[in-house]
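Chain order of the listed sequences is A and B.
So the first sequence is numbered by this note's numbering: it starts at 1 and just counts up by one.
So the second sequence is numbered by this note's numbering: it starts at 1 and just counts up by one.
Since the hints were derived computationally from the structure, they do not count as laboratory data.
As the structure is a prediction and not an experimental result, all values here were calculated from the model.
Note that beta-carbon positions come from the ideal geometry of N, C-alpha and C, so glycine has one too.
Keep in mind that the hints are not guaranteed to be accurate.
Okay, derived cross-link-like pairs now, PhoX-like style, lysine-lysine, Cα gap no bigger than 25 Å in a straight line [stated by the list, open to error]:
1) Lys-280(B) to Lys-427(A)
2) Lys-427(A) to Lys-81(B)
3) Lys-280(B) to Lys-499(A)
4) Lys-427(A) to Lys-277(B)
5) Lys-499(A) to Lys-257(B)
Just a few of them, taken from the derived set where beta-carbon distance is under 7 Å, the chain B residues facing chain A [said to hold, decoys possible]:
6) Glu-39
7) Leu-49
8) Leu-52
9) Ser-53
10) Glu-78
11) Ser-82
12) Glu-89
13) Ser-244
14) His-283
15) Pro-285
16) Leu-449
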Amino acid sequence: MADPSSRYLNRELSWLEFNQGVLDEAHDPSVPVLERLKFLAISASNLDEFFMVRVGGLKLVEHQENMPADPAGMTVREQLDAIATRVHSMTGDQYRCFLEELEPQLAQAGVRRLSASDLNDRQKQVVDQFFNDEVASVLTPMAVDQGIEFPLLPHQMLHVAVRLSPREGEARSRFAIIPLGRSLGRFVTLPSDRGYCYILLEDIVAAEAEHFFPGEGVVHCAPFRITRNADITVRDDLVHDLLSEIEEVLDERKLGNCVRLEIAAQADAETVAFLRQALGVDEGEIYALPGPLDLAGFMRLSDLQGFDNLKYEPWPPRISPDVDLGAGMFNVIARRDILLLHPYDSFEPVVRLLEEAAEDPDVLAIKQTLYRTSRNSPIVAALERAAERGKYVTAVIELRARFDEARNIEWARNLERAGVQVIYGVKGLKTHAKICIIVRREPYGIVRYVHFGTGNYNEITARLYSDVSLMTANEEFGSDAIAFFNAITGFSQPQRFRKIDAAPLGLRERLIEMIDAETDRQNHGQKARIIAKLNSLVDPELIEALYRASNAGVEIKLNVRGVCCLRPGVPKLSEHISVVSIIDRFLEHSRILYFHHGGDRRVFISSADWMPRNLDRRVELLVPVEDHALKERLLQTLKTYFKDDVKSRRLLPDGGYKRLTPSTKRPPLRAQEVLYRRVCDAALMAEQSQRTVFEPHQAPENSH
Amino acid sequence: MSTLPRESTGVGATEPIRVVRPAAVIDIGTSSIRMAIAEIDSAGGVRTLETLSQAVNLGKDTFTKGSIEKATIEKCVEILKSYRQRLREYQISRDDQIRVVATSAVREALNRLAFIDRVYIATGIQVEPIDEAEVNRITYLGVAPFLNAERSLAEAHTVVVEVGGGSTELLVVRNGDVIFSHTYRLGSLRLRQTLESYGAPAGKLRSIMQNQIERTVEEVVAQLPDEMPRALIALGGDMRYAASQLLSTWNADRLGKLRLSLLEGFTDKILNMSVDKLVKTHHLPYPEAETLGPALLAYLTLARSAKLDHVYVSNVNLRDGLLQEMAHRGQWNEAFVNQIIRSAVELGRRFDFDEAHSMQVAHLCRQLFRALQDDHHLEPKHEVILYIAAVLHEIGLFIASASHHKHSLYIINNSEIFGLSRKDVRLVGLVARYHRRASPKPTHPGYALLDRESRVIVSKLAAILRVADALERSHSQRISEIRCKREPGRLVITVPKVDDLSLEQLALMQKGSLFEETFGMKVLLRKGRS
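Let the hints inform the model, and build the full structure from the sequences given.
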């Protein structure tokens with residue numbers, strides 16, 4: 001797969017292998033079928049974004065002269081060819097999964113997709129009525145003809161191409177396009193005796209197409225969908241490695257170019273040829289699909305209510321036994337540092353901290369970064385309330401967070417109206433660090449309560465993503481946190497931190513220093529070890545540092561969920577490095593680092609992936625966890641992932657992954673399950689130990 | 001794990017109540033405006049909450065063009081406004097909670113008044129330009145706790161030096177005492193500016209700079225007390241930056257020990273980089289990148305000429321000293337007063353003063369000052385000025401016996417006494433000058449320039465000094481204990497254990513009527529019964 005002489009894996013191909021891992025979950029018969037459908041939808045939505053941004057970016061520089069090869073030694077053309085080959089086979093796999101595995105199983109469980117020809121009379125009647133009442137008045141076909149400029153079709157939306165019979169006396173077919181838009185739902189529920197039956201909107205439109213063209217002959221209908229390389233400049237964080245070249249060729253016309261045409265496999269040759277010519281796509285950019293297009297859209301179906309037996313059993317988050325919500329969060333944090341492992345530990349204490357801060361008369365100021373947050377976020381509401389109560393509230397809001405721009409602007413304006421000082425990010429950098437500081441006046445002076453996180457301040461995703469929260473009232477963290485905030489809000493030049501490190505102010509240097517320190521110790525005969533959990537590992541400088549460490553003999557265990565350009569296990573390069581990727585029901589998102597450091601056992605949490613974009617163009621944080629018990633908990637968590645033999649994949653030297661299978665010697669171990677059980681056991685133990693002491697209910701101390 | 005007082009949970013209820021007040025200091029320097037926000041507790045402890053720093057071109061303007069450019073003034077106003085906003089967060093708003101000082105770049109600017117007024121109008125912030133001696137004194141307040149904590153340093157002969165943008169401050173300390181302090185016009189920014197005005201080729205810059213620095217260092221070495229310093233403590237942002245790069249384990253709460261060879265390599269590296277490159281590779285703002293190389297070279301040259309193989313780096317800065325001073329509410333504590341006295345004694349020794357006599361007069365002055373508190377109503381600080389004037393009152397004898405009081409004035413006015421501002425030193429000089437002969441007159445140079453309050457202070461203190469000097473007329477320290485009693489129209493000084501007071505009584509007569517003119521009392525000496 002990868003050029004065996006190269007020191008790196010190509011990042012695009014590595015990403016595709018990760019996506020294959022997601023798709024493999026859709027194949028896994030031990031996963032409930034609606035969850036398998038969700039994995040399939042995720043793999044499709046991942047591919048959509050990949051085409052839009054990465055493939056789009058590569059296509060822009062495809063004809064650029066003197067483009068340097070990527071670190072793995074591949075030219076742009078080679079990458080595009082390899083991507084096309086890989087995606088064609090992956091797409092085939094997706095549809096085999098959908099058509100041959102998932103749909104039969106869903107049908108058996110009562111969830112059935114019907115085609116227009118399958119409908120019984122009652123169903124047919126419902127469809128006719130639906131078409132006449134809702135579809136016909138909303139959808140408008142566009143005639144597209146030679147001589148008229150081809151319309152700019154919205155990308156990643158479904159369309160139906162209609163071939164009409166030639167006018168009298170002409171030989172050429174005529175074409176029309178019906179955009180399906182967003183206003184109509186794609187899954188149209190049909191009456192049925194049992195279970196859930198649905199028909200797809202595009203199938204209805206295709207079946208009823210002649211109603212749009214009275215008196216003309218509809219010869220053929222085919223749904224299709226295009227992906228453009230649009231919006232690339234908005235998404236610069238995803239393509240910045242290509243951006244400097246892209247800027248040179250930036251050209252509006254090219255920007256709108258279609259980089260992928262997906263079309264139903266049953267489309268006839270004439271229709272395909274027409275679209276191909278009109279959209280200017282190559283043969284290799286056309287994906288003829290044997291089933292419904294836009295599998296990402298099936299995410300909605302996977303949420304289907306009433307089929308809980310086809311979903312994971314719920315693992316509700318638990319309130320950490322270290323947190324006594326009744327005591328008030330300030331008291332809890334003042335007593336000792338609090339570490340939460342989401343989504344096993346509930347995110348509620350973080351929300352509660354903000355809510356209490358908003359009401360607390362002694363809180364002077366709240367400062368916080370907001371990257372992606374939920375609709376009606378209780379955290380945003382707390383900030384508004386705090387500002388209305390006269391506290392100094394500063395929010396650094398990252399407006400370029402993908403897909404959220406419009407939503408962000410709206411609530412940012414509300415915050416401003418409430419009196420929050422809103423800072424829209426740092427020039428040239430994207431604020432990715434997750435930090436919240438509460439400045440509180442207490443009898444013995446000012447105390448800063450700080451929350452550091454690896455995930456966004458979003459209580460919805462905190463139920464789905466694995467992330468870490470650290471809450472502390474430690475003086476040095478408070479001082480660092482304020483200095484960091486002053487730097488990103490422009491109140492001060494960056495200062496030297498006591499505990500934390502930040503990108504782009506030397507985070508990479510610090511990481512390299514720590515990796516090299518392990519190398520040195522190994523060279524001096526000490527024990528040395530590195531364990532890291534990341535989402536992506538791309539940065540060549542850090543990879544080289546890891547290679548150096550491996551060559552010295554340092555044992556390195558990496559848990560990289562997504563892209564990994566490091567080649568593990570190559571003799572004389574990386575024989576002491578092993579990489580696993582965990583893909584399971586929760587999205588692995590936390591970044592946790594461990595350095596043995598001669599027995600000091602240094603443990604960090606971080607917002608940063610090891611990619612050039614994160615280390616050079618984002619504001620990121622690296623925070624040490626120093627409390628002994630918390631450190632041990634994180635280390636134990638890190639190690640648990642490497643024992644997983646159910647949802648773990650080992651990265652091979654060639655860039656492929658090998659799914660681990662449970663050994664026959666011991667019971668299978670699924671890391672996420674173990675982590676959840678641990679949280680439940682801890683809660684149970686705490687409950688039981690509490691019962692040995694009887695405590696009366698008292699009014700909470702902080703009932704101001 | 002945490003250094004935070006965890007009493008916030010209520011467990012500390014039995015501890016003595018500490019009252020905490022917030023305070024802030026802002027230091028307008030040559031290349032940046034820095035602010036420290038802190039809490040001061042009732043025991044005088046200082047806890048810094050937040051430090052901010054923003055780059056400005058003040059030094060560049062002043063040292064090249066003589067005055068501060070309009071754009072720079074507005075930039076300063078903008079920064080101070082943003083600082084003001086931060087202060088509101090901590091509910092710091094009263095004038096006594098904030099101190100804003102400006103050092104050489106503002107002080108030496110031709111348009112400093114325009115600058116100060118503009119800042120006041122735009123922000124309500126009163127900027128106080130402080131002189132070199134004041135900077136030295138305040139800096140020492142910050143460094144002293146570190147020196148006292150490291151025994152080896154406290155006992156050695158230690159040089160504390162800060163190479164700033166406009167000037168270099170230097171203190172020599174031994175056993176916790178400042179025995180020498182001086183400010184030199186060697187500044188990193190001045191160096192950079194002179195070089196630019198030469199237009200010398202880049203390769204030559206270093207040797208030109210080296211030359212300039214060496215000239216000042218020779219001057220320093222010539223002035224240092226005979227014994228060579230055994231340690232050098234470097235202060236200032238440039239050195240702090242070097243230490244942060246070179247000492248991976250430097251705990252900013254302690255002194256960092258930096259090998260000279262390491263510093264040398266780093267300095268070479270920095271000097272070989274263009275300012276643009278420095279900004280890019282070291283994440284430094286421009287004004288700091290410009291001064292880094294020259295400043296490090298100055299430290300290096302100084303340490304080398306003292307034949308040291310290490311320098312100590314301290315994180316302490318002017319703001320720490322200012323906060324310390326606020327913590328003590330501007331009062332000079334005993335240790336600090338002793339500092340000032342020792343510094344004056346050092347000065348006296350250099351001019352071969354009669355130490356026993358001078359100290360005895362000073363001792364008597366202190367007793368008189370305290371006994372007359374209800375008559376003079378002066379502050380404790382003035383007791384120190386009187387004491388120092390007494391220590392140095394005869395220092396002019398070094399030049400000539402005739403008119404030696406005027407020589408004393410001249411010498412004092414042209415010396416640095418550690419811990420005293422220029423204004424204080426002028427008062428000391430005048431008090432010493434009036435220890436004999438004519439009473440103060442508006443025609444006398446120096447005296448005439450004082451404001452009314454200061455003129456009254458000089459008269460009161462000089463009157464006391466004359467009485468004390470008369471009591472020590474014998475130069476034999478035979479009068480040491482006195483008791484003062486006020487009777488109608490006269491002050492009765494009872495001297496125990498001395499039989500014959502005629503010499504002193506005569507001296508009192510010769511010293512003239514300044515005391516009576518000032519306090520409306522005659523002075524009567526009386527033998528004690530015991």
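Going through the hints against the structure:
no. : hint                     : result
1   : Lys-280(B) to Lys-427(A) : holds (16 Å)
2   : Lys-427(A) to Lys-81(B)  : holds (21 Å)
3   : Lys-280(B) to Lys-499(A) : holds (24 Å)
4   : Lys-427(A) to Lys-277(B) : holds (21 Å)
5   : Lys-499(A) to Lys-257(B) : holds (21 Å)
6   : Glu-39                   : holds (5 Å)
7   : Leu-49                   : holds (6 Å)
8   : Leu-52                   : holds (4 Å)
9   : Ser-53                   : holds (5 Å)
10  : Glu-78                   : violated (11 Å)
11  : Ser-82                   : holds (6 Å)
12  : Glu-89                   : holds (4 Å)
13  : Ser-244                  : holds (5 Å)
14  : His-283                  : holds (6 Å)
15  : Pro-285                  : holds (6 Å)
16  : Leu-449                  : violated (42 Å)
Of the numbered hints listed earlier, those contradicted by the structure are 10, 16.
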